[in-house]
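Here are the chains, one letter per residue:
Protein chains: 2
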Amino acid sequence: MSQPAQHMSIGMNILGFGAHAGAWRQAEVPANAYLDQQYYSNIARIAERGKLDAIFLADGPALLGDIAEHPAGRLEPTVLLTAVALATRHIGVIATASSTYNDPYNLARRFSSLDHISGGRAAWNVVTNAGDAAAQNFGLAGAPRHVDRYARADEFIDVTLKLWDSWEDDAVIGDARRGRFADPAKVHAINFVGEHFSVKGPLNLPRSPQGRPVLVQAGSSEGGKALGSRYADAIFTTQTTLVDGQAFYQEMKQRARQWGRNPEHLKIMPGLSTVIGSSEAEAQARFDELNAWYGEEGLINQVAARVGLAVSELELDAPLPWERIGPVAEFERGSHGFLEAQLNLARREHLTLRELSRRILVGHRLIVGTPEQVADTLEHWFRAGAADGFNIMPDMFPSGVEVFVDEVVPLLQKRGVFRHEYQGSTLRDHLGLPYPAGQYQRAAEAV
Amino acid sequence: MSQPAQHMSIGMNILGFGAHAGAWRQAEVPANAYLDQQYYSNIARIAERGKLDAIFLADGPALLGDIAEHPAGRLEPTVLLTAVALATRHIGVIATASSTYNDPYNLARRFSSLDHISGGRAAWNVVTNAGDAAAQNFGLAGAPRHVDRYARADEFIDVTLKLWDSWEDDAVIGDARRGRFADPAKVHAINFVGEHFSVKGPLNLPRSPQGRPVLVQAGSSEGGKALGSRYADAIFTTQTTLVDGQAFYQEMKQRARQWGRNPEHLKIMPGLSTVIGSSEAEAQARFDELNAWYGEEGLINQVAARVGLAVSELELDAPLPWERIGPVAEFERGSHGFLEAQLNLARREHLTLRELSRRILVGHRLIVGTPEQVADTLEHWFRAGAADGFNIMPDMFPSGVEVFVDEVVPLLQKRGVFRHEYQGSTLRDHLGLPYPAGQYQRAAEAV
Numbered sequence: 060m061s062q063p064a065q066h067m068s069i070g071m072n073i074l075g076f077g078a079h080a081g082a083w084r085q086a087e088v089p090a091n092a093y094l095d096q097q098y099y100s101n102i103a104r105i106a107e108r109g110k111l112d113a114i115f116l117a118d119g120p121a122l123l124g125d126i127a128e129h130p131a132g133r134l135e136p137t138v139l140l141t142a143v144a145l146a147t148r149h150i151g152v153i154a155t156a157s158s159t160y161n162d163p164y165n166l167a168r169r170f171s172s173l174d175h176i177s178g179g180r181a182a183w184n185v186v187t188n189a190g191d192a193a194a195q196n197f198g199l200a201g202a203p204r205h206v207d208r209y210a211r212a213d214e215f216i217d218v219t220l221k222l223w224d225s226w227e228d229d230a231v232i233g234d235a236r237r238g239r240f241a242d243p244a245k246v247h248a249i250n251f252v253g254e255h256f257s258v259k260g261p262l263n264l265p266r267s268p269q270g271r272p273v274l275v276q277a278g279s280s281e282g283g284k285a286l287g288s289r290y291a292d293a294i295f296t297t298q299t300t301l302v303d304g305q306a307f308y309q310e311m312k313q314r315a316r317q318w319g320r321n322p323e324h325l326k327i328m329p330g331l332s333t334v335i336g337s338s339e340a341e342a343q344a345r346f347d348e349l350n351a352w353y354g355e356e357g358l359i360n361q362v363a364a365r366v367g368l369a370v371s372e373l374e375l376d377a378p379l380p381w382e383r384i385g386p387v388a389e390f391e392r393g394s395h396g397f398l399e400a401q402l403n404l405a406r407r408e409h410l411t412l413r414e415l416s417r418r419i420l421v422g423h424r425l426i427v428g429t430p431e432q433v434a435d436t437l438e439h440w441f442r443a444g445a446a447d448g449f450n451i452m453p454d455m456f457p458s459g460v461e462v463f464v465d466e467v468v469p470l471l472q473k474r475g476v477f478r479h480e481y482q483g484s485t486l487r488d489h490l491g492l493p494y495p496a497g498q499y500q501r502a503a504e505a506v
Numbered sequence: 060m061s062q063p064a065q066h067m068s069i070g071m072n073i074l075g076f077g078a079h080a081g082a083w084r085q086a087e088v089p090a091n092a093y094l095d096q097q098y099y100s101n102i103a104r105i106a107e108r109g110k111l112d113a114i115f116l117a118d119g120p121a122l123l124g125d126i127a128e129h130p131a132g133r134l135e136p137t138v139l140l141t142a143v144a145l146a147t148r149h150i151g152v153i154a155t156a157s158s159t160y161n162d163p164y165n166l167a168r169r170f171s172s173l174d175h176i177s178g179g180r181a182a183w184n185v186v187t188n189a190g191d192a193a194a195q196n197f198g199l200a201g202a203p204r205h206v207d208r209y210a211r212a213d214e215f216i217d218v219t220l221k222l223w224d225s226w227e228d229d230a231v232i233g234d235a236r237r238g239r240f241a242d243p244a245k246v247h248a249i250n251f252v253g254e255h256f257s258v259k260g261p262l263n264l265p266r267s268p269q270g271r272p273v274l275v276q277a278g279s280s281e282g283g284k285a286l287g288s289r290y291a292d293a294i295f296t297t298q299t300t301l302v303d304g305q306a307f308y309q310e311m312k313q314r315a316r317q318w319g320r321n322p323e324h325l326k327i328m329p330g331l332s333t334v335i336g337s338s339e340a341e342a343q344a345r346f347d348e349l350n351a352w353y354g355e356e357g358l359i360n361q362v363a364a365r366v367g368l369a370v371s372e373l374e375l376d377a378p379l380p381w382e383r384i385g386p387v388a389e390f391e392r393g394s395h396g397f398l399e400a401q402l403n404l405a406r407r408e409h410l411t412l413r414e415l416s417r418r419i420l421v422g423h424r425l426i427v428g429t430p431e432q433v434a435d436t437l438e439h440w441f442r443a444g445a446a447d448g449f450n451i452m453p454d455m456f457p458s459g460v461e462v463f464v465d466e467v468v469p470l471l472q473k474r475g476v477f478r479h480e481y482q483g484s485t486l487r488d489h490l491g492l493p494y495p496a497g498q499y500q501r502a503a504e505a506v
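Quick mapping for you: the protein sequence lines, in order, are chains A and B.
Residues in the first sequence are numbered from 60 upward in steps of one, following the numbering used here.
Residues in the second sequence are numbered from 60 upward in steps of one, following the numbering used here.
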């Protein structure tokens, strides 16, 4: 088993108004705040005050959800996070982008640009986009099959890494007086020819401050685990119990080893939704208040939609009707891992629908409790080998990030599991990842 | 003939270290400045001090040029201009992006995001990318034919405008307490099915502050003129003589009329490269100094490369060997209009190669002179119906923008042809363009 790092990493996941669907109704910020970079920059500055590793934006190229009742749409993450990076100095910025609906050259360049502009704080969260809505915005009737999306993603990442490496570290000479800009022998066409892409290169940007932007992956399917263990620097995951978390952690470290990688350079970061109060009762009251915006009917609707049953087939205070819920793959084209974890938990622990709703939020483990309790579970998972860090999803912004930074972070620092100050300047530094050697550089040195 | 606006518009074209190839050698800024958003933000702030309309970034998705001797590569413009927009308050930001090597949904969304984040200051300069280098980064052996690139561009713009219009202006209700986010009847699937694209929509962003980002086009081919007159809000162009400028201006206004448009809503903005000194001799000395970095040989090399002849076939103090220079289309796949204008001028005026190099820089008209002389030519072209505004390309940054803002702008203001203060908050306001009605909104109202 690999030695865990001394300090955990913490990412702050800015899911719209918060992870709880009721957050926008609570109106801590105006309804148009999600279109204002200052909303995100403010959250990032608070997170940076807490010395967090990164902020994270999920994404997909389609309008989803019931826009009559819920805010919908998102600013494009690389553009938005450029703004956020300039409003901050240390914290990393993780942007989601699709390998199914982008071209490697444009994407590699945009993330390299973000890495240059942020001084080495950029990361790409690779997603393959299961839904049909996105596909229909790109000339397809529906999403490609899971296996095809992951085959494309694998090749996409390969091309992207080669483009990011196409200028060697010392390719730029920059001698204006002598008129020597770069050493052409250190700038490489990649001449990639594959199943999905043919890309000549080189990238039209020198290597970025982190060598390459950090690569993040989420997805617990076999395809996702193979991809993540091979390429990712960090994996966002969804285990809801410690035992599952430990098993996933072990599996991914082992898979990384099988790819010939140092398993310490693959960081496992489970998600945790937080509803925090100064007492358990206060936390519960905050949660009740958020739930009240949609009522019991809303809870049932939400679960019914996810498990492919009619509302009439579900009861709030009864276990789920397992006999009527088939294999996840039959009703869910998307993130099997997320949903399976939820359902396995509910089945194993005989949870009622109401109980389930108090354990899981947006597909991730939920804690409703005090700062002590949140710190306890983070420390426990970290020390027990289930996590190198966490992807924190507060119920509501900005109060959810404020209480985390002001109340939870000091406890983690006191317990010696979280940094007091940033030690380096790049996201790789924060995550404890080495500067990656370029693949063309290595080849040259090996000769 | 349409009534010209009272004030001209001025865009500042940030071509790397300046329009002159010698600019980077002069080293006003370090050789890595072009990778630093602060370099661009500084130029934009100076331009904003001069109340200029916009800054502009050219672009292409390939590494071009001789990287041994010249800085090469560019930060991706939408990301970079997000940074620049946040460093400024008024000035517009015009980003170039390819209609050949992008998807409409992603591009529409990125520019809409930039428009939201900048508070209504974004513009898209549509280019089709003639060169093979870009094509080879996107799975093609070479660039598609001119006619195919423009057919795709036409459809691309059509889709993009529909996506930008897919939310009506008042679609968002934003009533958190009542849980009413948007009126779904005012958010439209576009259901576009064409030759090149099938896009369902709607965009996953509400309409942006300008309604739509401003659309800019450059290109004087028949395809370019048809496209620009149909869709563009502003056209960047390359005429080098007043007569040519007037003819192009008249033609484009007439074409706009034929599309059923108000010709005042199509702004014609010729390019002008500037080398400015407080006396003619000083300006000439500045130009000589920049030229000296490459010497007479450099001048010959530059022209030889552009006209498809060997260096040995050219002489610095003789007219070009016209009998050996065929139709532009035979040796230049790219911007025919630019090069044809250069060559027509040289042929008509019997210019030697050396003289030609003193009249034209980077494919645009050049003036080497005093602030008075620059103001004279701008005012003359503006009043004579050859221009609604200009795309200024200073020889070198930042000194070239500083002298323009500090010495030329006050003269234009004194002469009553340029604003003293910004009058509105969006780029459309600066350019004198109305807020565009959404096409779905119009349809609804017509019922």
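Please note that a few of the clues may not be correct.
Unchecked claim - Here chain A is said to cover these stretches of chain B; the calculated rule only asks that three of the stretch's residues, wherever they fall, bring their Cβ under 8 angstroms from a Cβ of chain A:
(1) 225-235
(2) 254-268
(3) 354-363
(4) 374-383
(5) 487-499
To be verified - Negatives, chain B to chain A, calculated, CB over 12 angstroms:
(6) R133
(7) G282
(8) T411
(9) A443
Calculated from the structure, these hints are not laboratory results.
Just so it is clear, the structure is predicted and the values come from calculations on it, not from any experiment.
Where is the CB? At the ideal position from N, CA and C, for every residue including glycine.
Okay, the hints, checked on the actual structure:
1. 225-235: Held - the segment 225-235 of chain B has 4 residues with a Cβ nearer than 8 angstroms to chain A, which meets the minimum of three.
2. 254-268: holds (count 10)
3. 354-363: Per the Cβ count (0), the hint is violated.
4. 374-383: violated (count 0)
5. 487-499: violated (count 0)
6. R133: At about 6 angstroms from chain A, R133/B fails to clear the 12 angstroms cut-off, so the statement is violated.
7. G282: holds (23 angstroms)
8. T411: holds (26 angstroms)
9. A443: Per Cβ check, A443/B is outside 12 angstroms of chain A; nearest 39 angstroms; holds.
The structure fails to meet hints 3, 4, 5 and 6 from the earlier list, while all remaining hints are met.
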